[in-house]
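Protein chains in written order, with my numbering: chain X, 168 to 540; chain V, 168 to 540.
One or more of the hints may lead you astray.
Unchecked claim - Derived pair list, reagent style DSBU-like, types lysine-lysine, alpha-carbon separation capped at 35 Å:
{"#": "1", "chain 1": "X", "residue 1": "431", "chain 2": "V", "residue 2": "481"}
{"#": "2", "chain 1": "X", "residue 1": "434", "chain 2": "V", "residue 2": "434"}
{"#": "3", "chain 1": "X", "residue 1": "431", "chain 2": "V", "residue 2": "527"}
{"#": "4", "chain 1": "V", "residue 1": "434", "chain 2": "X", "residue 2": "483"}
Bear in mind the hints are in silico, worked out from the structure with no lab data behind them.
Protein chains: 2
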Amino acid sequence: MQSSKQLFTLITAAGQLEMSLKDTPLPTPKAHEVIVKIEAAPINPSDMWPMFGPANLAEAKLDKAKMQLNAPIYQGMLSRVSSRLDQVLPIGNEGAGTVVAAGEHPAAQAMLGKTVAILSGATYAEYCCVPMQACIVHHEGTTAKQAASSFVNPLTALGMVETMRMEGHTALVHTAAASALGQMLNKICVKQGVNVVNIVRNQQQADILKKIGAKYICDSSAADFKKHLLQAIDETGATLAFDAIGGGELVSDILTAMERVGSKDAKGFNTYGSADNKQVYIYGGLDFSPTILNRAYGMTWGIGGWLLMRFLGKLKPERVVELHKLVADEINTTFATTFTQELSFEEAITPATINDYNAKKTGAKYYINPTKV
Amino acid sequence: MQSSKQLFTLITAAGQLEMSLKDTPLPTPKAHEVIVKIEAAPINPSDMWPMFGPANLAEAKLDKAKMQLNAPIYQGMLSRVSSRLDQVLPIGNEGAGTVVAAGEHPAAQAMLGKTVAILSGATYAEYCCVPMQACIVHHEGTTAKQAASSFVNPLTALGMVETMRMEGHTALVHTAAASALGQMLNKICVKQGVNVVNIVRNQQQADILKKIGAKYICDSSAADFKKHLLQAIDETGATLAFDAIGGGELVSDILTAMERVGSKDAKGFNTYGSADNKQVYIYGGLDFSPTILNRAYGMTWGIGGWLLMRFLGKLKPERVVELHKLVADEINTTFATTFTQELSFEEAITPATINDYNAKKTGAKYYINPTKV
Chain X
168 MQSSKQLFTL ITAAGQLEMS LKDTPLPTPK AHEVIVKIEA APINPSDMWP MFGPANLAEA
228 KLDKAKMQLN APIYQGMLSR VSSRLDQVLP IGNEGAGTVV AAGEHPAAQA MLGKTVAILS
288 GATYAEYCCV PMQACIVHHE GTTAKQAASS FVNPLTALGM VETMRMEGHT ALVHTAAASA
348 LGQMLNKICV KQGVNVVNIV RNQQQADILK KIGAKYICDS SAADFKKHLL QAIDETGATL
408 AFDAIGGGEL VSDILTAMER VGSKDAKGFN TYGSADNKQV YIYGGLDFSP TILNRAYGMT
468 WGIGGWLLMR FLGKLKPERV VELHKLVADE INTTFATTFT QELSFEEAIT PATINDYNAK
528 KTGAKYYINP TKV
Chain V
168 MQSSKQLFTL ITAAGQLEMS LKDTPLPTPK AHEVIVKIEA APINPSDMWP MFGPANLAEA
228 KLDKAKMQLN APIYQGMLSR VSSRLDQVLP IGNEGAGTVV AAGEHPAAQA MLGKTVAILS
288 GATYAEYCCV PMQACIVHHE GTTAKQAASS FVNPLTALGM VETMRMEGHT ALVHTAAASA
348 LGQMLNKICV KQGVNVVNIV RNQQQADILK KIGAKYICDS SAADFKKHLL QAIDETGATL
408 AFDAIGGGEL VSDILTAMER VGSKDAKGFN TYGSADNKQV YIYGGLDFSP TILNRAYGMT
468 WGIGGWLLMR FLGKLKPERV VELHKLVADE INTTFATTFT QELSFEEAIT PATINDYNAK
528 KTGAKYYINP TKV
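If we strip away everything but chain X, and leave its shape as in the complex, we get (with noise of 0.2 Å):
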């Protein structure tokens, strides 16, 4: 192969977006890179804003002959996306496929015809060149669709029990805890025995995690949700958070639970509430609206950003690669990931297609396949 079939997105200046299906030309790897075949190519939830940005997506048009998808961006967003307009973007930050060519490094050479995930930020495409480093090695018999969410779900999760011991936190609070991710993070949690106290907003999540072993899961949506997270939290120690949601006062509340727990055996003033570290990280954005902080915790407390990129280049390299090894070995238990829909790269790009996965209903997961016509 001389060239690879890619799916591109551009938001012109004009306010326009453009997405796309190009051919580019595939380099020579380098001594320590793969070629690698893409077969399985997650649509993330954290894809969609690269790949539509503020688009009006109710008049998106597929031009077919082109193959590229046009819509207009709604008024007055163009200034969420300066850094980018005008400038041709690779899509797809993660997807699975077989290593057909390799640098002259033995490692590299090693991998050759294996079933790798990778990591890349352009895997909407026939092939991908990458460090071999990127990759994951899957074992023999793993498929690329088996293998194709290795990254984000599966290494967020455990990059949120790595950050919990690096820390010095012994149990975790998890918000919009019944998402795959959360479902991997409570697998992992049952096997490590560590404690997560679940935050879900129904019982039909709750029913999904009780199923898989979650021992301490508290409904939003009840009355006694308040009183519930107080004693989860004193019953587990959690004195860390991870928060996908972030508008709201879910955070603040979180918070003050852990000090309640904190300054129960307090004497005297306590002015400045428990000693004990209570943080916790926002890492999604269900909901956009401001995070309201009410402050009832004391002064040791912290609320942050935390994202799965910037955590891991704070790890070890042979870390790393131990998590990647994690990954490999129970990708079909601890981090399977059910799909619901294959799509070739011209459904992709379809608006009733987008229409479906642009929805991120739960249960519902989407992958291209660029070999599918």
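With the hints as your guide, set chain V onto chain X.
Below, chain V without anything else, positioned relative to chain X:
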């Protein structure tokens, strides 16, 4: 001396504040301890919550015969002070005086007769028994009144600059910046060549800071405040802020400006914002209303509480000694505090006087002199 007159505070479960002057026995100092005869103990804003809690001071009454102040606790507020109910507690965070007795350790003995400042939590007393390490030994000629405010403001200001360096920042933003603390911070930073972006609330406060050489002053009451803030953060490269206010959107606005500066040259998606570590520490609560976070600053940001005592606990002991020495050396310049009123014990618990100092007016500064009759 065998006993010491000392002010204590008590909030009863029945909802009464009782502040009273009591005789307490003085211990014999252990080897590493000294006894300080207090001559000046400031009433800082941070002393007032321990002293009064949520008492309705408009209804306070002084019983002169018993030397006891009584005031009712505001209805429904008792739960905010549940940890201290029915406990007689000492008050007064800092103060200064003369070492009048010392344990057998040579270093303790060497302090006899010297003017020292202490941080103890029980300085509203004739005498305090403290470990010698809790003292800043002042130079000959420094008076107790000059030395009285050696800890809370000076070490907080120094701690901010220490934090800046320890966490890899090179400039900082400060709110409520015309405070005594804010002025010290500017003096320190002018000396050390560190840029401070000062946020104040009116022109009068701006003028105070201009006089002491502050270069970056942003008036939040000005129409173009956000533009000025952005400019100042751009010019200084500040990625750290200390906030004394807490409530409202200012914390969020500071982070937003830092992100805009960090992302101004960004190309491509920039979905997760600048990789600069943007941090705001909330160290005060001038505004009790909720903190509102708009989260328009990518994924690399943090907000948290900052408390002097917990920060000092992270420093190496030899660094603490260095900072103490710095305070002693510059107590009449960088760390000078101007007191406007000297109070006897009786005056300190007299309702009209309480009303004055509890107003926390800019420029007004009170201290207790136990020897005043």
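Could you work out which of the previously given hints the structure breaks and list their numbers from low to high? 2
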